[in-house]
Amino acid sequence: QMTVPISYSNPVNSIDLACTLSRSYDLGDSDLHHTPVIKMGWLDKTPPQGSLIFQKRWVMLDAQYLRYFQNEKEVYSKRIIDILSVTEVLNVGEQKFEVVTRNRTFLFRAENNSKSVREEWVSVLKETIQQRRSSMEMSLMNFSFTSGQHDSGVSLISKQGYLEMNGLRSKVYVVICADRVFLYGNAEEHSQGVGITYIEMNVGTVKSTDKRSFNLTTFYRTFSFLAESAQQRDQWVEALQDCVSRSLSSDVVAQKIWAVEANQRCADCGAPHPDWASVNLCVVLCKCCAGVHRGLGQSVSKVRSLRMDEKVWTDNLIQVFLLGNNMVNLFWAANMPPSEALHPSSDSEKRQRFVSAKYCQGKYRRYHALFGQQEALNKALCSTVQTDDVLETLSLVFCGADVNCYTGDPELPSPVSMAQHYGQILQVEFLTHNHNTGRSLINQPSAPFIYIFSGCIYRSGTMHLFLATPHLGHVLYAHSFELYHDSGRVYLFGEDSSDKVKGWIKAIAKALVPSAAEDLVCWPFERVGRFRYTEGQSHHSPLLGWFSLGGSRLLLLLHGADRVENIDLRKIKELSMEQEAGAVVLVDGGRSLRVEGDRRPDFQGWLSGLQQGSGRGDGPLDKQQLTDTDVPVIVDRCMSFITQHGLKSEGIYRRCGVNSKITALLFFLRHDPRKVRLSEGERQVDDVANVLKRFLREVGEGVFNGHQASLPWLHTTSDEMSERVSQYQALLHSLPRVNRATLGAVINHLYCVQCFADENQMNMHNLAIVFGPTLFQMDGTDNSAGQVVEDLIQNYQDIFNVTPLPAPLSQISQEVSAEELVCKVLRRRNIPPQQGDYWSCFLVDNNQEIERPLHYQEQVLTIYFSLGKDCHLVVKKNCYMEAILTNIAGRVDVSRNGLIKFCEEKGQRGKGTFSRRLCVLSGLSLRLYKEVKSSQPERECSVHALKVYCGIKRKLQPPSWYLCCESKNELIEWLATFMSLQVIIFL
Numbered sequence: 001q002m003t004v005p006i007s008y009s010n011p012v013n014s015i016d017l018a019c020t021l022s023r024s025y026d027l028g029d030s031d032l033h034h035t036p037v038i039k040m041g042w043l044d045k046t047p048p049q050g051s052l053i054f055q056k057r058w059v060m061l062d063a064q065y066l067r068y069f070q071n072e073k074e075v076y077s078k079r080i081i082d083i084l085s086v087t088e089v090l091n092v093g094e095q096k097f098e099v100v101t102r103n104r105t106f107l108f109r110a111e112n113n114s115k116s117v118r119e120e121w122v123s124v125l126k127e128t129i130q131q132r133r134s135s136m137e138m139s140l141m142n143f144s145f146t147s148g149q150h151d152s153g154v155s156l157i158s159k160q161g162y163l164e165m166n167g168l169r170s171k172v173y174v175v176i177c178a179d180r181v182f183l184y185g186n187a188e189e190h191s192q193g194v195g196i197t198y199i200e201m202n203v204g205t206v207k208s209t210d211k212r213s214f215n216l217t218t219f220y221r222t223f224s225f226l227a228e229s230a231q232q233r234d235q236w237v238e239a240l241q242d243c244v245s246r247s248l249s250s251d252v253v254a255q256k257i258w259a260v261e262a263n264q265r266c267a268d269c270g271a272p273h274p275d276w277a278s279v280n281l282c283v284v285l286c287k288c289c290a291g292v293h294r295g296l297g298q299s300v301s302k303v304r305s306l307r308m309d310e311k312v313w314t315d316n317l318i319q320v321f322l323l324g325n326n327m328v329n330l331f332w333a334a335n336m337p338p339s340e341a342l343h344p345s346s347d348s349e350k351r352q353r354f355v356s357a358k359y360c361q362g363k364y365r366r367y368h369a370l371f372g373q374q375e376a377l378n379k380a381l382c383s384t385v386q387t388d389d390v391l392e393t394l395s396l397v398f399c400g401a402d403v404n405c406y407t408g409d410p411e412l413p414s415p416v417s418m419a420q421h422y423g424q425i426l427q428v429e430f431l432t433h434n435h436n437t438g439r440s441l442i443n444q445p446s447a448p449f450i451y452i453f454s455g456c457i458y459r460s461g462t463m464h465l466f467l468a469t470p471h472l473g474h475v476l477y478a479h480s481f482e483l484y485h486d487s488g489r490v491y492l493f494g495e496d497s498s499d500k501v502k503g504w505i506k507a508i509a510k511a512l513v514p515s516a517a518e519d520l521v522c523w524p525f526e527r528v529g530r531f532r533y534t535e536g537q538s539h540h541s542p543l544l545g546w547f548s549l550g551g552s553r554l555l556l557l558l559h560g561a562d563r564v565e566n567i568d569l570r571k572i573k574e575l576s577m578e579q580e581a582g583a584v585v586l587v588d589g590g591r592s593l594r595v596e597g598d599r600r601p602d603f604q605g606w607l608s609g610l611q612q613g614s615g616r617g618d619g620p621l622d623k624q625q626l627t628d629t630d631v632p633v634i635v636d637r638c639m640s641f642i643t644q645h646g647l648k649s650e651g652i653y654r655r656c657g658v659n660s661k662i663t664a665l666l667f668f669l670r671h672d673p674r675k676v677r678l679s680e681g682e683r684q685v686d687d688v689a690n691v692l693k694r695f696l697r698e699v700g701e702g703v704f705n706g707h708q709a710s711l712p713w714l715h716t717t718s719d720e721m722s723e724r725v726s727q728y729q730a731l732l733h734s735l736p737r738v739n740r741a742t743l744g745a746v747i748n749h750l751y752c753v754q755c756f757a758d759e760n761q762m763n764m765h766n767l768a769i770v771f772g773p774t775l776f777q778m779d780g781t782d783n784s785a786g787q788v789v790e791d792l793i794q795n796y797q798d799i800f801n802v803t804p805l806p807a808p809l810s811q812i813s814q815e816v817s818a819e820e821l822v823c824k825v826l827r828r829r830n831i832p833p834q835q836g837d838y839w840s841c842f843l844v845d846n847n848q849e850i851e852r853p854l855h856y857q858e859q860v861l862t863i864y865f866s867l868g869k870d871c872h873l874v875v876k877k878n879c880y881m882e883a884i885l886t887n888i889a890g891r892v893d894v895s896r897n898g899l900i901k902f903c904e905e906k907g908q909r910g911k912g913t914f915s916r917r918l919c920v921l922s923g924l925s926l927r928l929y930k931e932v933k934s935s936q937p938e939r940e941c942s943v944h945a946l947k948v949y950c951g952i953k954r955k956l957q958p959p960s961w962y963l964c965c966e967s968k969n970e971l972i973e974w975l976a977t978f979m980s981l982q983v984i985i986f987l
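1 is the number of the first residue of the sequence shown in the UniProt record's numbering; add one for each residue after it.
I should point out that these hints are in silico values taken from the structure, not numbers from a laboratory.
Everything numeric in this text was worked out from a predicted model, so none of it was measured.
Wrong hints could be hidden among the right ones.
Derived CB-CB ranges, DEER-like [said to hold, decoys possible]: (1) A730 / E98: 44 to 50 Å; (2) E578 / E98: 18 to 24 Å; (3) Q857 / Q835: 23 to 29 Å; (4) E680 / S158: 38 to 44 Å; (5) N969 / K933: 42 to 48 Å; (6) Q235 / Q857: 18 to 24 Å; (7) V252 / D388: 42 to 48 Å; (8) K350 / E127: 49 to 55 Å; (9) N969 / D519: 51 to 57 Å; (10) E349 / Y491: 24 to 30 Å; (11) I157 / A581: 52 to 58 Å.
Just so you know, even glycine gets a beta-carbon here, dropped at the ideal spot from N, CA and C.
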């Protein structure tokens, strides 16, 4: 029995996880630690509150962490500091030293005021940090094991989140990473690499105790956690149990089988690092697919773990699996249409259908030439087991050969005995595991495919078909294509000649589509077919239209249209999948198009093609999601954010952000940048700036379209600037369209940044130093890259042939206000002010849907540089101003409340509806109450953080509130209140 006192001091600083053991515990001899202890001993440490009174702590250092404990017998630390999060180790005074991390400094003092002990700790710490950093790649320098990144860059975190812990007043942030569980005070600590402690799960057990609670029990103490719901509890328990399994498992078998590259992906869905296998089907599987296989029963698939079932994995069985998933799938998936392929993200229902079709029905298998001839199959099996061709044996067995057939030789009556006699141990291993499985598979109905390869005759009008993409990889023919019938039946055609296949495709496609849609098949398309669709928000009364897909282009002929439309999928505003309904929604140019798949077997291929065509974050620039000006959305979003919030940030683009946040944001942007909204409260300027630099440095082929194409830019050595400008112009025109637009947008952005050099300290030269190596994807040793970028910024208007800032913007200072701009414009236009005229500067969108009157103190140049292609500044009379001033003059109290129609749009297609709310605008906040009697506001926002627009516009970046007034007078009263309360509306 042990006593486990738990005390809580400060959620941000430390949690006491002390335990009193009934025996002496030697940390150095324990299995709890993956890395040996480098140094340990007593040190004095200042408490978290910063008091001058030191506390005695037992401190341990290994290659990964610096930890300190209440005493030397404790197992769980009070604090754990990731070595890679330490930026400096500094001597302080004669006996003290500081361990400095990115966000916190830890002060230690050597015991007995010993200077030599202090020097030894500092020396060992510095050496350990240096060794740890030098062992990692530069691209992963700031990652740590606790952050969920292994040296290979593969995430090891299986679950993370907040949980309540028994005895504490606030939640802890729990991270399950590999075979350990880490505890942090909050999520920010996790990102900083400074935590509380970690728990080795090879000594742990997990058990649910109540509806929402569960215990994690080790030899040394029990941790009691409380989740937010029963469902959350079950998820945590499952993740922790998996962690226990990982900690007790061995990687020996997995590493041997993964030595074959094809075995590093699941044979069914392609998920990485599969650690399960079907020992009779000879395929390596991921956890999800293995669960489906297990549901088929032992008579179909014998599932075993690569990590935990070590006794099963004899050397002979491992040798069988070294054939590799790719070779085995030449049989199991030889005739699998790409549209039916399984993916790691596929749901359980689709996974179940696919696995059953592949192995129970043999739907995609390569039929043996002797299929259906039982006697011939048995005879061929007896002959093949005498050789080392295990793949041929697999083909025979799963096409009907009897593993237990009589060989005709009384001394060697079975194929197994015959294989043993001829010394074919791998054949014996395979046959042994299929002693009673092969026959159960081939008795299922044959696949619902009809394969027609030659002598084809097609007559128009006899069938309604859907044409899919020609593809390579089928075993019998090098070139093939698919036809889908309305009934769901699939026809696969093949030929050895690509020209013949293209001829058939062209002829069939022209026969399928109506004459008005002939343009759909007169280009190198990949798919063509007819679908039901609806436009707008209504899903009723769908119409039929023809669609043709190829790369990033989608051609469509809608019902009643007389011409074919051409959509660039990279530039659409939204692409969303409705999995349950089997539909896809495209939003382009203000129009919403919902295409229904009707659960047809070919629709999954269409979805995959649309997703690929809409832009991939891991591709080159021309494969990215693009804006209307051909600039990648990732680049546009980041530059817009910097322009709005970081133009005056000192050292912009030179300061480092938080690496974990940068990596996470870049991952989401690469996955689907259209869905990522960058808001000032959630993102830091330096993080976004580093995301932009990292993307430009890592994007395929770079901005200059590859290394070879970038060399002429670096060799523009003329001493005359005018000659260099001419060379730059010629090189610019030689770039592909997207690369040219991207380079122009980036240089325009840098031109805007240097306009504020007095405040951000980033002049043209400083920006060139940063962006030279970034744009040219170099290591920074060649100064010519920086010189080119500096030339481009300095001569931006001439090289890119752009119009300079409109007058009078080109002649105003950085600090000019909206009031000063209005006066300059009126003087330049010779417009004398008249009595009763109220001129204002408005931010207006191109569609005239909304406008925002700028506060007279707002700085116009900053706003101008932040404008997108949809907005501009307009100086005009303010028709509401006179009434607003009259309203303000007659007021005593600057506040307002009343019922108003309110809407907060949710969803990407704007399905919000207005409902009445009590709106209270007073003091420093705007509050919305659901009911008049409500005591707590439903919504609340600071007045100074609001941007007040007149009009309504869809797709404003969230959070967007829409308030609708009943009359013009009511609108004026609300605007007058806003104007009175807001000293300045910050952008």
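Which earlier hints turn out false for this structure, listed by number in ascending order?
1, 2, 4, 5, 6, 7, 11
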